[in-house]
Amino acid sequence: MREALQLLVDGLAEGSRIALVAVGFSLIYGVTKTLHLAHGAIITLGAYLIWWTSSALGAPLPVALAIAAIAMVLLGMGHERFLYRTVRRPSTSNLIIVVAALGAGILLQNLVGVVFGFDTKSIRDATLGAASGGLQVAGVAIPFTDLGAFVVAIVVFGALVAFLRYTKMGRRIRAVEANPLLSSVVGVDYRRVYVWTFGIGSLVALPASFFIGLNSGLFTTIGFDAMMIGFVVAFAGGIGSLSGTFFASLLIGVVQSLSLLLIPSSWQQAFTFALMLLILLARPQGLFGKAA
Amino acid sequence: MDYFVGLVILASIYTIGALSLNILQGHGGVFSVATAAFMGIGAYATGAVTVEYPALFLPAMAIGAVLSALLGYGFAQLTLRVNGDYMVVASFALVVIVGQTILNLPAITGGGMGIPGIPRPGTDDVQLNDNLPFAIFCVAITALVYLACHFILKSPFGDALRTLREDPIAASALGRYPRRFRAAVFAGSSAIAAISGSVYAHYISYISPADFTVKLTITILTVVVVAGTNRLWAIPLGAAVVIGLTEGARYLPLPDQIAAGADQILFGALLVAFALLRPQGLIGPKKDTRSAK
Amino acid sequence: MTEPMLKVRDVDMLFGGLKAVDNLSIDIPAGTTTALIGPNGAGKTTVFNIITGFLKPQRGTVEFEGEIITGRRPDQIARGGIARSFQDLKLFRGLTCFENVLAATAARHGESITGSMLSRRAIAKETTERGDAVMHWLEIAGLADRRGTLAQDLGYAEAKMLAIARVLALDARLYLLDEPCSGLDQKALERVRALIDGLLEGGATVCIIEHNMALVRDVAEVGIFLEQGAFVASDQIDALLEDERMRERYLGLGGTK
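These protein sequence lines map, in sequence, to chains Z, F and D.
The first sequence runs 1 to 292 under our numbering.
The second sequence runs 293 to 585 under our numbering.
The third sequence runs 586 to 842 under our numbering.
Quick caveat, the hints were computed from the structure, so don't treat them as lab data.
A portion of the hints provided could be inaccurate.
Claimed, not checked - The list that follows gives simulated cross-link-like pairs (lysine-lysine, BS3-like), each with its CA atoms no further than 30 Å apart:
hint	chain 1	residue 1	chain 2	residue 2
1	Z	Lys-290	Z	Lys-121
2	D	Lys-592	D	Lys-641
3	Z	Lys-168	Z	Lys-33
4	Z	Lys-290	Z	Lys-33
5	F	Lys-507	Z	Lys-121
6	D	Lys-604	D	Lys-641
7	D	Lys-710	F	Lys-446
8	D	Lys-675	Z	Lys-290
9	D	Lys-604	D	Lys-592
10	D	Lys-641	D	Lys-675
11	D	Lys-772	D	Lys-641
12	D	Lys-592	F	Lys-446
13	Z	Lys-290	D	Lys-641
14	F	Lys-507	Z	Lys-33
15	D	Lys-604	D	Lys-675
16	D	Lys-675	Z	Lys-33
17	Z	Lys-290	D	Lys-604
18	D	Lys-592	D	Lys-710
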């Protein structure tokens, strides 16, 4: 029983990290219909900036996070403004956008390696200090980093929902998602909305950079690896439903973790992806998505 | 000279892989990134068999091709209602699943350690250990695959495939069953990818699951994007260009740190450049097609 | 009284809560041209979609030449003798005019991967025959000199003629044409009318959806008037156009002339 509880806690933490990647991706795809496969590389860059500013420059954590956030937002917006908008012509197929996104992601990821080094790095020492411990509740170990990931994911998700509901830009984003043609008729500049969407989606992923970096150490593919599961979860959970994506992320994190009770750890990833594939095949709109 | 021969071998591998992807994407209209998975199946079939029985390199290749064709066919049947971006997602998942499965069958695949010491093709009398005979073998295989693709694409099957790519509803109304063609092209494309993987296994002689990730698909994708999907002969040309650029980059006086990422940076830059500037590839669209007799 | 070629019986078609087709029963007689008329949204295209297998009705049957065809796939129905065109044309935009019409001709050889590699001589021979058929249809449609042009580069009228050529090349027994004439000028209309006459002469049956009443009167013998997915009236075309319900609700004319 204790083992199951521990796995549950671990799973929620992992699910939270996935959610921080998937929700941003889901927002971007839901609004702009762009398969932004460079999202992972931006997450990698964020993590490396946190490392560099805190380890190499010795800046305090909030400063490191702020710098990473600004860079991620600018890069996200830049991708839309300069890459996707140019590639997205009526005659070009979706495939070319995927090509552009993959290319940009690979390029960025490796530029990060070139600039900061391809060796593995750690951000724990520089950023955590006292917070590297954890709680013990009913025999279950809850590291502060895991707890933090869970709490932050909920807060960030809540903030995102509030933003979309209560701010002017948020409402514009929802309008464009619901009906691009109609929104342009009533005067919403969809191109500006797109850029903002990319910015918000990238900002939401900043905590992901931090917590994933803490959890697994830094190497140039951490963002891509996280995005791989994040974007499959976004689709399996239901594009167009942010809460669907959020809950699906937590669910997948928990299921993946609990699966250890039944299968060896080497099969975990295959199991999780097979499960998500099955969900997509059985229900193409995703678990919580609306039917087309 | 040996170096150049090695490049020819690499070009063969890339060409066959790119032919596989081109048939599926360019003509079949399916956005799949699962090429690496099928190359992996081909490589492991060749590796597992020829390590024990080096003379059975052709049957090994055939086994890999058949297994891939079956998996491709099955996957196509499952993903019928899945289109466009969703297909990218599903095929991504397939690459992970296949890679992990390979990892978890150490009895056949050596698990995470992979299969070392894969021999070059050859019987007891003749071994293609030197690069030049092996290169000739590779070119021959490439030529056969190329010819097969040419016949397939230029035939009524190819015509039907392209109509299904353009408008599946209209194609149905003209009497063609989309499911059959989609499954067939997926099976064929997967078999060809497996052949590419088999040659790859013979060439680098040591394979592990880490070789067959989406990264490999991106390499092949780069060849297809550079070549364009309009002319089949652009594919070997695209392979030559990509290899030429990556090899050329080796001669640039780059510091070690940059050199480590140079290949990938090149692929990324090529993909972005072509997507922005020349999405139709190096070789542009045809003006007149089959109707010009 | 001969059996109708096509019988639609008691068909309901629901989309969510919306009833697009309501307890519909119609007959299409063989060897003539029937016009399916009615205001926009009357469900006419939906009826075509149901007949050709693109939609599965919640209730009812479709019978063609004595055989129930409800539940069959569109490609099966197309090969079974029913050809249909689309209101939005659905041309293969990236393919040439020649390739568009070629797609409608049947290929007995080479439509499989193995066949494409092995039956090369048979394919070559058949391709020549099919090519001749394609040029025949392109010429009739006035597009012979546009054979190499991509469909997406055609003008509006040319595109409509290509769509017609493509459906005619199917060599079917029943043709369902969805607004084949909308937006065409007099010369093109003449051409289409001649084509339809040619079909009837060849023994085929035609059913068209059209809004152009002059054309309908010219080309059709029988008319079926639908409104809001339900059957309203059916008669010989002249009588139908005099029908009071038709004139009021559809033509917007008050009472009888």
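Hints, verified against the model:
no.: 1; hint: Lys-290(Z) with Lys-121(Z); verdict: violated, 42 Å
no.: 2; hint: Lys-592(D) with Lys-641(D); verdict: holds, 16 Å
no.: 3; hint: Lys-168(Z) with Lys-33(Z); verdict: holds, 21 Å
no.: 4; hint: Lys-290(Z) with Lys-33(Z); verdict: holds, 15 Å
no.: 5; hint: Lys-507(F) with Lys-121(Z); verdict: holds, 22 Å
no.: 6; hint: Lys-604(D) with Lys-641(D); verdict: holds, 13 Å
no.: 7; hint: Lys-710(D) with Lys-446(F); verdict: holds, 14 Å
no.: 8; hint: Lys-675(D) with Lys-290(Z); verdict: holds, 27 Å
no.: 9; hint: Lys-604(D) with Lys-592(D); verdict: holds, 20 Å
no.: 10; hint: Lys-641(D) with Lys-675(D); verdict: holds, 21 Å
no.: 11; hint: Lys-772(D) with Lys-641(D); verdict: violated, 38 Å
no.: 12; hint: Lys-592(D) with Lys-446(F); verdict: violated, 41 Å
no.: 13; hint: Lys-290(Z) with Lys-641(D); verdict: holds, 22 Å
no.: 14; hint: Lys-507(F) with Lys-33(Z); verdict: holds, 24 Å
no.: 15; hint: Lys-604(D) with Lys-675(D); verdict: holds, 26 Å
no.: 16; hint: Lys-675(D) with Lys-33(Z); verdict: holds, 24 Å
no.: 17; hint: Lys-290(Z) with Lys-604(D); verdict: holds, 21 Å
no.: 18; hint: Lys-592(D) with Lys-710(D); verdict: violated, 39 Å
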